[in-house]
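J.: Chain by chain, the residues run as shown.
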Amino acid sequence: MLKYDLVVIGGGPAGMAAALKARECGVQKIIILERAATLGGILEQCIHTGFGLHYFGEELSGPEYAYRFIEELKKTDIEVKVDTMVTDILPDNVIVATNNTDGVMQIQATAIILAMGCRERPRGALDMPGSRAAGVMTAGTAQKYVNIDGYMPGKKIVILGSGDIGLIMARRMTLEGAKVEMVCELMPYSGGLTRNIVQCLDDMGIPLKLSCTVVKTHGLERLEGVTIANVDENRRPIPGTEQYVECDTLLLSVGLIPENELTRMAGIVIDPITSGAIVDEYRQTSRPGIFACGNVLQVHDLVDYVTQESQIAGEGAAKYILSGGKNNEYAENTIRVKAESGVRYVVPQNINRSTDKDVKIYFRVADVYKDTSVVVTCGDEVIYKRKKRKLAPGEMENVAIKLDDIAKLSENEITVKLEV
Amino acid sequence: MIKEMVCVSCPIGCMLTVELNDNNEVISVKGNTCKRGEQYAVDECTNPVRMLTSTVRVNGGVLPVVPVKTAKPIPKGKMFDCMEVINNTVVDAPIRMGDVLITNICDTGVDIVATNED
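Protein sequence lines, in the order shown, are assigned to chains G and P.
Per this note's numbering: the first sequence = residues 1 to 420.
Per this note's numbering: the second sequence = residues 421 to 538.
I should point out that these hints are in silico values taken from the structure, not numbers from a laboratory.
Watch out, some of these pointers could steer you wrong.
Derived DSSO-like pairs (lysine-lysine); straight-line CA-CA distance at most 30 angstroms [to be verified]:
| # | chain 1 | residue 1 | chain 2 | residue 2 |
| --- | --- | --- | --- | --- |
| 1 | G | K388 | P | K498 |
| 2 | P | K498 | G | K155 |
| 3 | G | K155 | G | K74 |
| 4 | P | K498 | P | K450 |
| 5 | G | K360 | P | K450 |
| 6 | P | K492 | G | K144 |
| 7 | P | K455 | G | K390 |
| 8 | G | K209 | P | K423 |
| 9 | G | K179 | P | K455 |
| 10 | G | K74 | G | K319 |
| 11 | G | K357 | G | K338 |
| 12 | P | K450 | G | K179 |
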């Protein structure tokens, strides 16, 4: 059996940053297993700019951001196997993986970092009546066709969902000569970054229809049009508001799902809200020595934050490996972090009281809030409070809790909430 | 006059409040959390600019296209003119990161550079 100190599953931004950080912290034998033919993950097709402003202090495109990490990896002896699929994680951190040259292999790992990313919610998840005509695809699929394969999948486009990939593709398709008729969003607000509404829709003159959805697709061989309708406050279509829109392509940008099949197979406890693992402040999951980071843990808006989170996981895995694979006895010493009133979820969900650093708690809000405060409480005590001008579900927020404050918490539970 | 706008310099998207005088000159910018925000507000009120990204056809590469960007932001109104030039350009592999594929596109003084290898 192959033996490694650290096996990283996934060679996108999360996996690369985690592996590099673990190396920097002194871990010797590291391997990255990547399903695709190249490292870089989804960044390779995200050719727009806006990546790296936080992490590198400059504005990069997706491939440029990935390239910096790929180049760093080349300077190390971290091994990489591409075109390699991990099919199972057995007890005692043994990984089963397969590819065309090695066949099926078993790899014994001291620690594992899960960095498999996420995938788009497909049409099948939407309950949308109509035939299975060609021309209905996720926005990310269209992005690959245009930016990697070099061809346009349609001429007259309707986009359902105002997630960032949908907004980015609205601009991209318009620049390449397609007519993007509209972006329909089920919710009364956009799920994408405000900046993308401005520079992808407003700049291109594309209307954003809020509280609106596609109720039927038309066409047998190729999509010929869609019926859209307004929805009520319960997100149900309002009869009489239907409208036919001619189009040959429908792009779906209706959410991302962390790709946690392996995580579930490994018996790791999943947070029902994030659909990612429940983790501690070093992103260790419920299984000792298995860590998770990036979009497989929680869907991020910015790759910069993926990098930061993955470095935390890389550092955590290194501590675990270098201490001889001992799991810190967390159970009695664990502070649970809860989300309440307006806060949908938090990551990490657990903090070790005897941790050795300040802890940033990341969260998303449930609705759009203006002039509110983010508050962290422990019992009746307020340990953090900050005013926010605007909070929206599309933008991940964080609060930093100081190491000293963690040590002196009066109870083993803290709550992150909004005070309107 | 007071103008409200969202800064698109980075994904944070700060809400800016811009105060203009009668000559449309910026007097003050509020709401920005970094220097880029102030510059963005001034540009947006006088000469709005955008980064343009696209792909250029490649002969003999692993992939049929290579991603590109404008080395600097270009005037917003010139984006479609630049797209036409980009779409009429074919380059030969190998392409290295940062290679200049088109110089001074549409007389903007800005080059089109490769943002990946092929």
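J.: For the pair supplied as a hint, K209(G) and K423(P), is the alpha-carbon distance within the 30 angstroms limit?
T.: It holds: about 24 angstroms lies between the C-alpha atoms, which stays within 30 angstroms.
J.: Do the alpha carbons of K498(P) and K450(P) lie within 30 angstroms of each other, as the hint requires?
T.: holds (29 angstroms)
J.: Holds or violated: K388(G) with K498(P), Cα cutoff 30 angstroms?
T.: violated (37 angstroms)
J.: Below or equal to 30 angstroms on CA atoms is what counts here, so check K357(G) against K338(G).
T.: holds (20 angstroms)
J.: If you draw a straight line from the CA of K450(P) to the CA of K179(G), is it 30 angstroms or shorter?
T.: Violated, because 36 angstroms separates the two Cα atoms, which is more than 30 angstroms.
J.: K492(P) and K144(G): Cα distance at most 30 angstroms?
T.: holds (25 angstroms)
J.: Could you grab the alpha-carbon distance between K498(P) and K155(G) and see if it respects the 30 angstroms cut-off?
T.: Holds: K498(P) and K155(G) sit about 22 angstroms apart, inside 30 angstroms.
J.: Does K390(G) sit within 30 angstroms of K455(P), going by the straight-line distance between their CA atoms?
T.: holds (20 angstroms)
J.: Given the proposed pairing of K74(G) with K319(G), does the C-alpha separation stay at or below 30 angstroms?
T.: Given that 30 angstroms is the threshold and the Cα spacing comes to 24 angstroms, the pair holds.
J.: Can you confirm whether the C-alpha distance between K360(G) and K450(P) stays at or below 30 angstroms?
T.: Answer holds: K360(G) to K450(P) is near 27 angstroms, not above 30 angstroms.
J.: Are the Cα positions of K179(G) and K455(P) separated by 30 angstroms at most?
T.: violated (36 angstroms)
J.: Is it true that the CA of K155(G) sits at most 30 angstroms from the CA of K74(G)?
T.: Violated - the C-alpha atoms of K74(G) and K155(G) are around 41 angstroms apart, more than 30 angstroms.
In this structure, the earlier hints numbered 1, 3, 9, 12 are contradicted, and the remaining ones agree with it.
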